[in-house]
Amino acid sequence: MPDAPIQNWGHLVNEHEPPFGQFEPRGLQRLVRAISHIPPFHRGMLRRPMANLIRRMGGHDGIVDVYFRGGAFRTRPDINLIEDALLVYPGYNSEEIDFLIEGTPRGGVFIDLGSNVGLYTLALAAHIGPEGVALAIDANPDMAAALRFNVEASGFQNVRIVNTAVGEKAARADLLGGRKDLAIVKVSENPEGQIEIRPLADIVREAKLTHIDSLKADIEGFEDQALIPYLNSVEDALKPKRISIEHLGRAEWKNDLFPVFEQHGYRKVGRTRGNTQFVRD
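In my numbering, the protein residues as written are -2 to 278.
If you're looking for bench data, these hints aren't it; they were derived computationally from the structure.
Please note that the accuracy of each hint is not assured.
Straight-line Cα separation of at most 20 angstroms, PhoX-like style, residue types lysine-lysine; simulated pairs [to be verified]:
hint: 1; residue 1: 265; residue 2: 238
hint: 2; residue 1: 265; residue 2: 166
hint: 3; residue 1: 183; residue 2: 205
hint: 4; residue 1: 265; residue 2: 183
hint: 5; residue 1: 265; residue 2: 236
hint: 6; residue 1: 166; residue 2: 238
hint: 7; residue 1: 238; residue 2: 205
hint: 8; residue 1: 251; residue 2: 205
Source: prediction; values computed, not measured.
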């Protein structure tokens, strides 16, 4: 069955959301969560069942409030694989996050392209401090709303959230999918679509950024359409010094990004199961 455009946005975060901390794990739920941090309970096929067990123990419709790498996250059941990982796996994507942090000084600039609920955004925002900028971009209105809640719960003033898709040119689009994971959606151009598509260069200029230390990209196979026009059009100062990019959608790229990275002075320095890391000297 082909994916259909998602029409029903805006119900993930309530207008009168209870304050963060009201749903923190307690008692036996807290103990089971600590056990879930031990392999193999947080890995592979066990991750979601373990997360759901912890959610059922707490009630509250499965909502659990947790902290991760300096950020506050409200996690909700059965909608987002990243939130499952936040609940049970304290080392989730640690290699990628550490790589970006190492290349981003205090007061630096980080762009999170496909920010989801803020796994990378909040970790980098905590690191760069109030003088830095974490620019979070996501096409999904519900993910942007969840991120906004998490940013406020974390007390960060250095995060800017832009709810838009990113592509080669300004356009409109629908978001498709989101059945098994609300955050995993595809962008499909449609002149009557609900979602805006904007070039990354326009977003960066609007944010008045003068340099970029690091960038993470995970936009479900749309990475090439976002980054190739950007790198081809901006001055060197606006080319990120470090990039971590999801490679699982590489087969869907219209043009292979990796040779383009090389043309712009990047070299590959690492690879994890889902992401590849590049440095520009």
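Mind checking the alpha carbons of residue 265 and residue 166 for me, to see if they're no more than 20 angstroms apart? Judged against 20 angstroms, a Cα distance of about 28 angstroms means the pair is violated.
Is the hinted pair residue 183 and residue 205 satisfied, with a Cα-Cα distance of at most 20 angstroms? violated (28 angstroms)
Assess, step by step, whether the Cα of residue 238 is no farther than 20 angstroms from the Cα of residue 205, and give holds or violated. holds (18 angstroms)
20 angstroms limit on alpha-carbon distance, applied to hinted pair residue 251 and residue 205: violated (30 angstroms)
Check whether the Cα positions of residue 265 and residue 238 lie no farther apart than 20 angstroms. holds (12 angstroms)
Can you confirm whether the C-alpha distance between residue 166 and residue 238 stays at or below 20 angstroms? Roughly 24 angstroms between the alpha carbons, so the hint for residue 166 and residue 238 is violated.
Can the restraint linking residue 265 and residue 236 be considered satisfied, given a maximum Cα separation of 20 angstroms? Within the cut-off at roughly 15 angstroms; holds.
For the pair we were handed, residue 265 and residue 183, check the Cα-Cα distance against 20 angstroms. violated (27 angstroms)
Of the numbered hints given earlier, the model fails hints 2, 3, 4, 6, 8; all others are met.
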